[in-house]
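Enquirer: Here are the chains, one letter per residue:
4 protein chains.
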Amino acid sequence: MKFILTVQCIDRPGIIAEVASAISHTGGNILGFSQHSATDVGVFLSRIRFEVAESFSINEFKVFFESVAHQFGMSWQLFPEDQKLRVAILVSKTSHTLYELLLKHQDGQLQCEFPVIISNHPDLAAVATQFHIPFYQVDPGKGKQAYEADICKILDDYHVDLVVLARYMQILSKEFTDRWHYKVINIHHGFLPAFMGAKPYHQAWYKGVKLIGATAHFANENLDQGPIIAQDVVHVNDTMSISEFIQRGQDVERKVLFEAVKLFLEHRIFVIEGRTFILN
Amino acid sequence: MKFILTVQCIDRPGIIAEVASAISHTGGNILGFSQHSATDVGVFLSRIRFEVAESFSINEFKVFFESVAHQFGMSWQLFPEDQKLRVAILVSKTSHTLYELLLKHQDGQLQCEFPVIISNHPDLAAVATQFHIPFYQVDPGKGKQAYEADICKILDDYHVDLVVLARYMQILSKEFTDRWHYKVINIHHGFLPAFMGAKPYHQAWYKGVKLIGATAHFANENLDQGPIIAQDVVHVNDTMSISEFIQRGQDVERKVLFEAVKLFLEHRIFVIEGRTFILN
Amino acid sequence: MKFILTVQCIDRPGIIAEVASAISHTGGNILGFSQHSATDVGVFLSRIRFEVAESFSINEFKVFFESVAHQFGMSWQLFPEDQKLRVAILVSKTSHTLYELLLKHQDGQLQCEFPVIISNHPDLAAVATQFHIPFYQVDPGKGKQAYEADICKILDDYHVDLVVLARYMQILSKEFTDRWHYKVINIHHGFLPAFMGAKPYHQAWYKGVKLIGATAHFANENLDQGPIIAQDVVHVNDTMSISEFIQRGQDVERKVLFEAVKLFLEHRIFVIEGRTFILN
Amino acid sequence: MKFILTVQCIDRPGIIAEVASAISHTGGNILGFSQHSATDVGVFLSRIRFEVAESFSINEFKVFFESVAHQFGMSWQLFPEDQKLRVAILVSKTSHTLYELLLKHQDGQLQCEFPVIISNHPDLAAVATQFHIPFYQVDPGKGKQAYEADICKILDDYHVDLVVLARYMQILSKEFTDRWHYKVINIHHGFLPAFMGAKPYHQAWYKGVKLIGATAHFANENLDQGPIIAQDVVHVNDTMSISEFIQRGQDVERKVLFEAVKLFLEHRIFVIEGRTFILN
Numbered sequence: 001m002k003f004i005l006t007v008q009c010i011d012r013p014g015i016i017a018e019v020a021s022a023i024s025h026t027g028g029n030i031l032g033f034s035q036h037s038a039t040d041v042g043v044f045l046s047r048i049r050f051e052v053a054e055s056f057s058i059n060e061f062k063v064f065f066e067s068v069a070h071q072f073g074m075s076w077q078l079f080p081e082d083q084k085l086r087v088a089i090l091v092s093k094t095s096h097t098l099y100e101l102l103l104k105h106q107d108g109q110l111q112c113e114f115p116v117i118i119s120n121h122p123d124l125a126a127v128a129t130q131f132h133i134p135f136y137q138v139d140p141g142k143g144k145q146a147y148e149a150d151i152c153k154i155l156d157d158y159h160v161d162l163v164v165l166a167r168y169m170q171i172l173s174k175e176f177t178d179r180w181h182y183k184v185i186n187i188h189h190g191f192l193p194a195f196m197g198a199k200p201y202h203q204a205w206y207k208g209v210k211l212i213g214a215t216a217h218f219a220n221e222n223l224d225q226g227p228i229i230a231q232d233v234v235h236v237n238d239t240m241s242i243s244e245f246i247q248r249g250q251d252v253e254r255k256v257l258f259e260a261v262k263l264f265l266e267h268r269i270f271v272i273e274g275r276t277f278i279l280n
Numbered sequence: 001m002k003f004i005l006t007v008q009c010i011d012r013p014g015i016i017a018e019v020a021s022a023i024s025h026t027g028g029n030i031l032g033f034s035q036h037s038a039t040d041v042g043v044f045l046s047r048i049r050f051e052v053a054e055s056f057s058i059n060e061f062k063v064f065f066e067s068v069a070h071q072f073g074m075s076w077q078l079f080p081e082d083q084k085l086r087v088a089i090l091v092s093k094t095s096h097t098l099y100e101l102l103l104k105h106q107d108g109q110l111q112c113e114f115p116v117i118i119s120n121h122p123d124l125a126a127v128a129t130q131f132h133i134p135f136y137q138v139d140p141g142k143g144k145q146a147y148e149a150d151i152c153k154i155l156d157d158y159h160v161d162l163v164v165l166a167r168y169m170q171i172l173s174k175e176f177t178d179r180w181h182y183k184v185i186n187i188h189h190g191f192l193p194a195f196m197g198a199k200p201y202h203q204a205w206y207k208g209v210k211l212i213g214a215t216a217h218f219a220n221e222n223l224d225q226g227p228i229i230a231q232d233v234v235h236v237n238d239t240m241s242i243s244e245f246i247q248r249g250q251d252v253e254r255k256v257l258f259e260a261v262k263l264f265l266e267h268r269i270f271v272i273e274g275r276t277f278i279l280n
Numbered sequence: 001m002k003f004i005l006t007v008q009c010i011d012r013p014g015i016i017a018e019v020a021s022a023i024s025h026t027g028g029n030i031l032g033f034s035q036h037s038a039t040d041v042g043v044f045l046s047r048i049r050f051e052v053a054e055s056f057s058i059n060e061f062k063v064f065f066e067s068v069a070h071q072f073g074m075s076w077q078l079f080p081e082d083q084k085l086r087v088a089i090l091v092s093k094t095s096h097t098l099y100e101l102l103l104k105h106q107d108g109q110l111q112c113e114f115p116v117i118i119s120n121h122p123d124l125a126a127v128a129t130q131f132h133i134p135f136y137q138v139d140p141g142k143g144k145q146a147y148e149a150d151i152c153k154i155l156d157d158y159h160v161d162l163v164v165l166a167r168y169m170q171i172l173s174k175e176f177t178d179r180w181h182y183k184v185i186n187i188h189h190g191f192l193p194a195f196m197g198a199k200p201y202h203q204a205w206y207k208g209v210k211l212i213g214a215t216a217h218f219a220n221e222n223l224d225q226g227p228i229i230a231q232d233v234v235h236v237n238d239t240m241s242i243s244e245f246i247q248r249g250q251d252v253e254r255k256v257l258f259e260a261v262k263l264f265l266e267h268r269i270f271v272i273e274g275r276t277f278i279l280n
Numbered sequence: 001m002k003f004i005l006t007v008q009c010i011d012r013p014g015i016i017a018e019v020a021s022a023i024s025h026t027g028g029n030i031l032g033f034s035q036h037s038a039t040d041v042g043v044f045l046s047r048i049r050f051e052v053a054e055s056f057s058i059n060e061f062k063v064f065f066e067s068v069a070h071q072f073g074m075s076w077q078l079f080p081e082d083q084k085l086r087v088a089i090l091v092s093k094t095s096h097t098l099y100e101l102l103l104k105h106q107d108g109q110l111q112c113e114f115p116v117i118i119s120n121h122p123d124l125a126a127v128a129t130q131f132h133i134p135f136y137q138v139d140p141g142k143g144k145q146a147y148e149a150d151i152c153k154i155l156d157d158y159h160v161d162l163v164v165l166a167r168y169m170q171i172l173s174k175e176f177t178d179r180w181h182y183k184v185i186n187i188h189h190g191f192l193p194a195f196m197g198a199k200p201y202h203q204a205w206y207k208g209v210k211l212i213g214a215t216a217h218f219a220n221e222n223l224d225q226g227p228i229i230a231q232d233v234v235h236v237n238d239t240m241s242i243s244e245f246i247q248r249g250q251d252v253e254r255k256v257l258f259e260a261v262k263l264f265l266e267h268r269i270f271v272i273e274g275r276t277f278i279l280n
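Residue numbers (my numbering), protein chains in the order written: chain A, 1 to 280; chain B, 1 to 280; chain C, 1 to 280; chain D, 1 to 280.
Some clues are possibly wrong.
Copies of the same chain look alike in the list, so a pair counts if it fits in one copy or across any two.
Claimed, not checked - Subject to a maximum C-alpha distance of 30 Å in a straight line, what follows is the list of computed DSSO-like cross-link-like pairs (lysine-lysine): (1) K142 <-> K174; (2) K207 <-> K2; (3) K207 <-> K174; (4) K262 <-> K93; (5) K142 <-> K62; (6) K262 <-> K207; (7) K62 <-> K207; (8) K104 <-> K93; (9) K93 <-> K183.
In short, the hints are calculated from the structure, not lab data.
Let the hints inform the model, and build the full structure from the sequences given.
Expert: The structure is reproduced here in structure tokens:
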């Protein structure tokens, strides 16, 4: 059986030796150890993948490791590698990022479950049906508070661990993003923080930009401003129409959102003071 | 002998046939014809490369072509392909973009002359000497007007056609950029319009961005805001230091500035309503 | 109504003027004119997009243009822009390139019809059903000649214009590729001509390569050796497993195959002496 | 003071704990720990960067660590981070990779010394002089054995640690590459193993390839076949001339060679059974 252990604490000498010894001591064999010291903030981050024998006891490990963690003031989490997080996808009308997640999942590239798809429009119900996933339509017209309460109820009913906004075109309230702190991943077309606001592709096109990009980030109450998880761009040229800009941009959007979700599911994303660190 | 003809006018039927016929009529053989109709603004753009026989008369061509141009309300320019524009390079302290231009020129990849290098610091005089180019140090301390007058005098003395700001760290006045309208190319590290203002790499690093970019553009009085000529990015990761960000960024800067200067020298850049169109 | 005209002939002075005049003369308005002179082989290539008034007669155009064509020894073709080519997709077991074509088509990014999907395995029948496309399973076990005859009959029955091998894992006979000369597009994982033969990803992985690529090309009897249409790569690193190599490679495969099919549908691909020229 | 420790051994449980403990025990503070288990060959690889107090004794560390190493059958090496390896550059006539190395070094991006430049042609002597580096011209005309003996003598005289072939156009003998096993880095234009032999750019151009690449690798007696260190590509299009292909390719060559040399100087390259593993 395999586990992922994530550790975060104030940096100081001797952490790696203690953590690695604790894993060895409890019968674990480290398969991958990655680590970063964020020297400007003095923080130590680590992600350790290890396997254990049949006789391994999670509870014993937790008791033992907590004594190490206490000594260093660590926050830490332990995840069985085969545990599948439950991910809700929120969509509006465009399907490219939704399909990307569902197809990559079908190909075995995303270790999670997609128990539910939620939308403020009926358009993508057929896609949900194709992949045999329950589809809920919620109504923003009933007022933000009631509307978000409906979403929260569905997320609770389905025991959701992560919310992915796959081109979901509604701003979420601070209450919502606080409740789901660093558990909501959004994809933003165009660059952040460039071209904020409406119709970024149009802004970009009229500006004569030569690159179109997308950014996946944790959502906070300032839409398009949370910690950045993944980014990419594609070259465009001046003879393309706005719709070609959008098409090119969609290819980047789906790529970047997939990457961000995969990084989350693999427990590779750390956030310190609003800045992400991705460990490989 | 070979020529580049650039043409710009209100789009309407029959332009290509008339232009191509005029070239044929005067004894030219078209080697390359590129064209774009910017439909949103109704503008026709074209760049034609053609060769002529010994007996070709530029003056006769100009007279003949002007009659076609008049009929369509064209602006047009004719450049002998072997005519080398005279390009002044303005620098401050960092040498990576300066070296790139000089080395690419030495390799025969930039069809121009570099008659003069101007700086507000003495640091790069040795590089100018290496490449046997006169180096002038000007003094911003004497006041912007007098200082820019010194620069303008040098540009005039050396019959300069294009000014390249190769990491030149001074804002130019509106008077200067108006005088050299679409004749000054600047390189901006970080993205435009993102991270404007001081220390963009530091801003990017603290934001946790995953891409570092550079934009070459025509300079106007709003530094870093003129029409975009070329852009590119490079991926960075969260374990890099700020100085590694800057190093990676410098590689993009030199690449993008070289591209922009090359596009200019090949007469491929058209500007309409503040937006560039690059014809291949 | 809009048309694409493609022209190919021995290069000589005056072609552009004659072609553009012919279009003007018959009432056409050129929207886009792209051209290339392949100087090493002395061949002129051009793709012209033009629109015509209601009164335009295709037959009159053809008669008129043929007189120009005759004079220059041109081969030429005229395609109504809204004419949708009929494209058959051949697949085996993997779905990523199939889904890419179907989803891009659904998004309006491929101007064609997909009247039929053919496979030597039953696995992807469900995908065909999802998209309401007839699915035929053919049996290589009956002998290559009989098997290919079955495929040819289906292609004829469905009036197919282009055959796309979307990770179709059977070598086609010379008879087949001759019959469908430059009408069969294949995608090859790994680089051409590198790592030919079986299991290129495994070969690449054991060699320690840092890039994984894909090439779309016209199929001929030497599998993986026809004229190249599109290529791309993605960076990989040494800590990835072979299955991660394959996953990364699949993303490049679907991108490159989509590009190649789109270029074909837009009549942008010219082949001269076994080498493609893509006009924009 | 800072050190880089590299470790390689048969993989088994407990290595990380022992290595990290040994460093802690001798007063070291780990700044960066990267590790990879190459599961297909059962090999553990690690690169550890650590700092030590004034009182640290290298000799004590070596004695202590050797006892750990012995227990696990490790090969290991310890490098003071500020120790500058001595790198000889071998060139022929083209200067782009030579300039890249010298300029990056001048910018502080390569932690090494360049004590000597060796060439079989006089062309680049002026560049060596610009950067104040001794330049030796050797004569292949005197026979391979005598010629390589001359080179070896220079390398010995200058106490060279690494040999970089910066577009050096001579094949080295098996004796030479054995003597400098995994200490000679070569750059190969075009792809490996594609387009082997003469004029790869010409081969690529006539094949209609859409990408041009470069590979940096350790040299062995089969030129262009040693373990791969770094690779990259750039897109090209069909309207480019061969000389434009070569220019684009040169940009990739200099980038990739710089990367490879930097990885070597930072002790990040491990080779197992002819395959490199790069640790970050």
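Enquirer: Now look at each hint and say whether the structure bears it out.
Expert: Results of checking the hints against the structure:
no.	hint	in the structure
1	K142 <-> K174	within (18 Å within a copy, 53 Å between copies)
2	K207 <-> K2	between (50 Å within a copy, 29 Å between copies)
3	K207 <-> K174	between (32 Å within a copy, 21 Å between copies)
4	K262 <-> K93	both (23 Å within a copy, 25 Å between copies)
5	K142 <-> K62	neither (46 Å within a copy, 61 Å between copies)
6	K262 <-> K207	between (33 Å within a copy, 21 Å between copies)
7	K62 <-> K207	neither (55 Å within a copy, 34 Å between copies)
8	K104 <-> K93	both (20 Å within a copy, 16 Å between copies)
9	K93 <-> K183	within (22 Å within a copy, 36 Å between copies)
Hint violations for this structure: numbers 5 and 7, all remaining hints satisfied.
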